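Each chain, letter by letter, is given below.
There are 4 protein chains.
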Amino acid sequence: MDKYDAISPLDYRYYTGEVFEKLQPYLSENAAVNYQIKAEIALAKTLAEKKICSAKIAEEIEAAAKKVTASEVYEEEKRIKHNIRALVNCIRKKVSESAKPYVHFTATSNDIISTAEALRIKDATEKALVPELIELERTLIEIAEREKETLQIGRTHGQHAEPITFGFTTASYVARLGGRITKIKEAAENLRGKFSGAVGAYNASSLLIKDAREFERAVLEKLGMKPGSHSTQIVEAEYMTDLMHAIASAMGVMANTADDMRHLQRSEIAEVAEMFEAEQVGSSTMPHKRNPINFENVKSLWKEFMPRMVTVYSDQISEHQRDLTNSASSRFNTEIVAAALIAATRLKSAMQKLEVDKKMLKRNFEQSREIIPAEPAYILLAAYGHPDAHEAVRRKTLEAEKTGKKLIEAMMKDKELKSYFSKMPKAQIEMLKNPEKYTGLAAQKTEDVCREWRERLKVK
Amino acid sequence: MDKYDAISPLDYRYYTGEVFEKLQPYLSENAAVNYQIKAEIALAKTLAEKKICSAKIAEEIEAAAKKVTASEVYEEEKRIKHNIRALVNCIRKKVSESAKPYVHFTATSNDIISTAEALRIKDATEKALVPELIELERTLIEIAEREKETLQIGRTHGQHAEPITFGFTTASYVARLGGRITKIKEAAENLRGKFSGAVGAYNASSLLIKDAREFERAVLEKLGMKPGSHSTQIVEAEYMTDLMHAIASAMGVMANTADDMRHLQRSEIAEVAEMFEAEQVGSSTMPHKRNPINFENVKSLWKEFMPRMVTVYSDQISEHQRDLTNSASSRFNTEIVAAALIAATRLKSAMQKLEVDKKMLKRNFEQSREIIPAEPAYILLAAYGHPDAHEAVRRKTLEAEKTGKKLIEAMMKDKELKSYFSKMPKAQIEMLKNPEKYTGLAAQKTEDVCREWRERLKVK
Amino acid sequence: MDKYDAISPLDYRYYTGEVFEKLQPYLSENAAVNYQIKAEIALAKTLAEKKICSAKIAEEIEAAAKKVTASEVYEEEKRIKHNIRALVNCIRKKVSESAKPYVHFTATSNDIISTAEALRIKDATEKALVPELIELERTLIEIAEREKETLQIGRTHGQHAEPITFGFTTASYVARLGGRITKIKEAAENLRGKFSGAVGAYNASSLLIKDAREFERAVLEKLGMKPGSHSTQIVEAEYMTDLMHAIASAMGVMANTADDMRHLQRSEIAEVAEMFEAEQVGSSTMPHKRNPINFENVKSLWKEFMPRMVTVYSDQISEHQRDLTNSASSRFNTEIVAAALIAATRLKSAMQKLEVDKKMLKRNFEQSREIIPAEPAYILLAAYGHPDAHEAVRRKTLEAEKTGKKLIEAMMKDKELKSYFSKMPKAQIEMLKNPEKYTGLAAQKTEDVCREWRERLKVK
Amino acid sequence: MDKYDAISPLDYRYYTGEVFEKLQPYLSENAAVNYQIKAEIALAKTLAEKKICSAKIAEEIEAAAKKVTASEVYEEEKRIKHNIRALVNCIRKKVSESAKPYVHFTATSNDIISTAEALRIKDATEKALVPELIELERTLIEIAEREKETLQIGRTHGQHAEPITFGFTTASYVARLGGRITKIKEAAENLRGKFSGAVGAYNASSLLIKDAREFERAVLEKLGMKPGSHSTQIVEAEYMTDLMHAIASAMGVMANTADDMRHLQRSEIAEVAEMFEAEQVGSSTMPHKRNPINFENVKSLWKEFMPRMVTVYSDQISEHQRDLTNSASSRFNTEIVAAALIAATRLKSAMQKLEVDKKMLKRNFEQSREIIPAEPAYILLAAYGHPDAHEAVRRKTLEAEKTGKKLIEAMMKDKELKSYFSKMPKAQIEMLKNPEKYTGLAAQKTEDVCREWRERLKVK
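Residue numbers (numbering that gives the first Met the number 0), protein chains in the order written: chain A, 0 to 459; chain B, 0 to 459; chain C, 0 to 459; chain D, 0 to 459.
Same shape as in the complex, but just chain A (with noise of 0.2 Å):
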């Protein structure tokens, strides 16, 4: 196959050089197979211990199925219409006729499947995505604490607010990030499998085995997981659904940085930027563009992935022990597993090339430095007994706005206002005049929420 006759993105683009490395041997096609074959030998080797089939047999089973390749499934699925009924078909070609009653023994296809696909996402999940999440938590918290201290003007609604720190700013992605990776992880850890046959009664293997749910944990421990707790042909949905929406609600939590990124990336704000290649073309007709696509990619890939929830969500209704009206859509689940990884990585990256802008910060803070001491102000009025010191300070700064005057010279002079500055200590009349200080704690608490998520994700 030619990479670019391919129709899907992912595909053709998206999924290269280290993202193809990592989530190839979990999400590829070829995969899927191969865990398969890992839940079809973990059934046989249970049959040997519970002295259903000889350990030999047990044994040539495995090795027939570690030979199975995905090519070769699709090639039989192609005569027989079906999946799972192809996969044992391959592997009871390569084994012995005494073998042959043991591959599969008791299984439908769905306890295979599911198992399958429950481990698959759940070692994608483990071993690709969430290290990926960590590297990008590690650079956030890096930044967090690097600029600590550098002052930046709050903005809320677009407008400048009061000042904090860009550390402040970006312990806010950490410990959000953070938070939906403790999810994801709980969510992945609670995948679950099933042996427990075609409508989940444990009617097959109940005729040859004595507790068949024991069997079940058996089968299931080989692999690493539990059963669930009542499963149909499948495994109940919600499982599923939960590890979803923790990646889905992390791909928020990235969208949201990246849209701040390129919102202070902005022309007139400036305040960060991404370095450019000395190759790298801006646009193809404005040379000196500098845009910010990396971060709008996160975005991109948040619009995309996000609404597909809703067909997680419609996957949780399956009629009776089953149907399967989710054949195709849930195949889509390892799509979501895969743009996360993907939307992380390019984050990660683009954070770490990111040049922030002091000069910038230092600029656009001053262009509010006149207005800041409007809150505190109120605050300190009202402390000192002004019974409406908020209309107060907003007609003075109506008043500022009008006369051009400066709005703490304004309330300093103002005959009413003068009584309380009077009763000021001098430390809050100096945090009025220089609101530069006025970042209450944005640096004490950038530190301990970059502490608490090094120390909970282990980030060294």
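The hints are simulated quantities; they were obtained by calculation from the structure and are not laboratory data. You may find that some hints are simply not true.
Pulled a few chain B residues facing chain C out of the computed Cβ check, cut under 7 Å [unchecked claim]:
no. : residue
1   : Met0
2   : Ser27
3   : Glu295
4   : Asn325
From chain A, some residues computed to sit far from chain D (all C-beta separations above 10 Å) [said to hold, decoys possible]:
no. : residue
5   : Asp1
6   : Ser97
7   : Arg216
8   : Glu295
9   : Lys404
10  : Glu415
11  : Arg455
12  : Lys459
Predicted, not measured: the structure shown is a model, and the values here were computed from it. Glycine residues also receive a C-beta, built at the ideal position from the N, C-alpha and C atoms.
Guided by the hints, dock chains B, C and D onto chain A, whose structure is given.
Below, chains B, C and D alone, put in the same frame as chain A:
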């Protein structure tokens, strides 16, 4: 306001009687204002506790705040175009000059709003939604236990598969709903408040309070809450996102239950029916119709409210220290809680009126009696050494279909298969001839699942 | 009902004043019943017209029907659990014995419901929503025309690109909103009714009426409607799906407009501002804030209502001749119409109060004045034969950036480039030196777009 | 690339054989580059036409462009990080020095990308998707016509309602799919391109071309397209939004058809079946299963792709003259077109193999034979003057249910009703006694609908 002038189906149609009684204290706009008042009172009390104002002033503020009504606040908001400042003005009007400065002191609007919203949704969830879900769970458990031995043909792909029991079918909903209730409780318990000021760095409160984070904890503790891990102007969205996810996915389980029931009620299947009241009209032209309108309604509520998760996920993104593009959208979170309660109430009531028709269950089972032995026969043939039992049985089923012969007879008379059958003990042959016994661990699993959830959710 | 006991933000917050006046006649539950009554009357009149009942009976039914109220119908529904039969009973109570049989005669519930729903949403769209959208369009046209020559720096990726005019920016919304209004009108005009009976095959009406399809057309014609192409119990969903799509995508255009405006209002950009009223409070603690709350609200309404298209698409699926899993969900279609009108009203009012700050527009343009010539220079260099003009200019911009030299000077002094510049006529050199002239057809295109939409939508 | 290393189910599973042949020329990444080349060639030709370059240069560019491959472009993109500049470089390398300046001359990247994307999606829709949908439509028409008289019990709420014909059922899909095909064609025809430069104001092209808008029209005309009404850096999103809506809603109609068929295939209903191939395996453990996997798959594709409309709607919003937060998301539009074709192919093939079981249709009808007369009886009783016929019949159905009597007999023997029945002509009494005749206009409507769509879509 004339109720039938309302525009939202929630208000004019679903939010009546008991539902109204249960939700109004938390989810109405009157409740919203009451919870904001609770937050203002907790603040005043903490100010007194920390000696920032006197105990008397705090009491004065509390007394005044309790008298404020939603319509009063809306009136003031019309004038000044700011809802929390409007509330503050309403309280301030009712207190002495010396108390005035301490109303809302050091707080920003969103300290109040974020905290009050989290608290009322927490209360609505814990005090209204969860109890109703537990009543639904109890109803399901009772049906499962009662019908644990009631034979039912299991169905996959809408096709008869292997036999189970009606109790086992129901136990699936018990387990899944139980799991969702647990998730909902965890997420509600984990909602957070904030008193960290306009950009989250405790700028204002740090002016006057030594340990502003401890102060925040003290205010929130009075409301039974904890602060967010890193708030900006608002609490991080993810606490709410997780709760909405838990609720939406619980609606998914309810919708699945409803879907199954309405299909089991189809004219040709008719295994269940909802008791009709004597006066009830099924159709305006077809007087004989008995339509599963309650189950349809539960599915329909899911169709309306599940997609709103897209909005919830979108509200994760708030630029910088916050934008207000969630001003309308986040208000609708309350509707999701309400819808889940309405769905639970409907489903509970429909399940309580459910008639399980054992005759029809038997009739439907009988339809497939002849073909059910295919699976156990294939398993047993393999167990006794047949190298290709699945294919052998598959061909026999085709033969039986064509010739009209009974499958079990066709198999037992088959020259090749005979020798395997002859090795089987009587009990196994009996099972093949009496497929109603082929229900595996259906009854036992039902019991275990019901016991587990009775204990975990304290359903007596 | 106390308005602030309502649970839906639509009812307690957004559906007030003018909005209420405009929507109540179509979208309230009272209106729903009124439109069902209209359908029953149209039926009665047609029965008389076709001599199935007397004209007197039709008149009697009409008079009776007009007296029925929503609360009366809801009361009866409580008793019999069927809303249309309840309506029919209410009418029947008010007519003579001889008229009774002809109330609802040959109709099934959904003949009335489908027809009434389509008609009231058609009316709400045509009589309330479209006029408001046209007022918004007029506002946008007026701004575009007024500012067609007002220089603005164009932006791509949030970065300064090439100059345009503020009118040209606005003309983009004019064209896109104009297109959406056209789509909405077409789709509303195309909503359909039905009088084809319980399963759509005219079973009942064919009993007594010779040409039942002609009869259906006659009933609907009285309501200004046409029948669906192939109804079952319900009209095919797609007519409504198309209208909801048109409305949702119009909200997308409004959200884009709002997003642009709130970003242009950022403290550092400040090209526009929404006039504040004297009493208006921007923030409860930061008295100086001027927040773009109306633009934020328009975006937020889109975030809430756009995802509801998922529900609309889900309601396309109705099993066999219909299931009722749209019983709750389709009721919420009215909210989409309402939300679009609310958004239009907000955006119109915010745009009417918009102040365009030419000084700031100029200042922002000046920031990029030096670099803008990069594009025209590259085009002209190529035109005069430079074989690699893009790369040559790209390198010059890097050089200018590093050395602080002006790009235009750096280019014109460059040995290699000199010869190309010397071939250019003065006018072209002038353009390079005065990039404020480099606005292409911005003004002319603005004029043309405004003229086109004034004509097409008859905006005088 | 190993096909089974792909990560997208589209690539490794669904995009094979005929589907691949049909889609690769439009929707692969190779196709994307080919279409960009077409756009560059159209530009070069127009430059020659307008005497901006020589005809020879245009020919040289055309020849060179046709030699460029996707992998070559991707290689160059790796170096310079800009995909269109990479394409331009690849073309430039292959032409003489004098031609070099005219490659991509005056164009911005998105002139090429927007135009090429619109054109290839237009072609994919018109040349691949629509023909396949018409083949599906033909299949449905043939079934409808063939089965127009085949009695079927109509169903609402999953309950037996009034009789129709299987053809009438199918005609519903014919009409709805026909309507969607029409919408798709209109929307595809209406896709637009652009050559208006970096911010849409024709800044660059106006430098050298007198009427830049006429120039744009000339370029696009060569590609069979028209310009957008008001492009910025990109064409207004709504042209594409409308097409995606049309396609998504067509998938909704297909999903509804598939849902109905899989329910009609339920073991207890069994009115239809999909022919199985001799080698086909239904289940890995239940050899007798005949699962409606193709219908399930069509529904599942809808579940996966319908929610992507949320992404499409989100991509309507692009800040100012464009942001690039659609860089990933809009790439997935091609997948929606592909999915619709895959669904159409599946559904067509499943419908072609559909077996309609008249015996089972009859059996299901017979189940409700006794109760069907309720509706016509109520209508006729009313017609002959009974003042409360609906209630009278409703009570009779309850009586019949309880006593086991036949409804028609119970009614005709009823003292009160007798007199009304005695007024009815024989033909009406016959209808009540032979409810299989009570199919209204089912057959005639079927014929009309099929004729209409054969004509409108030229299906011979």
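Quick one: which hint numbers does this structure break? Sort them smallest to largest. 5 and 8
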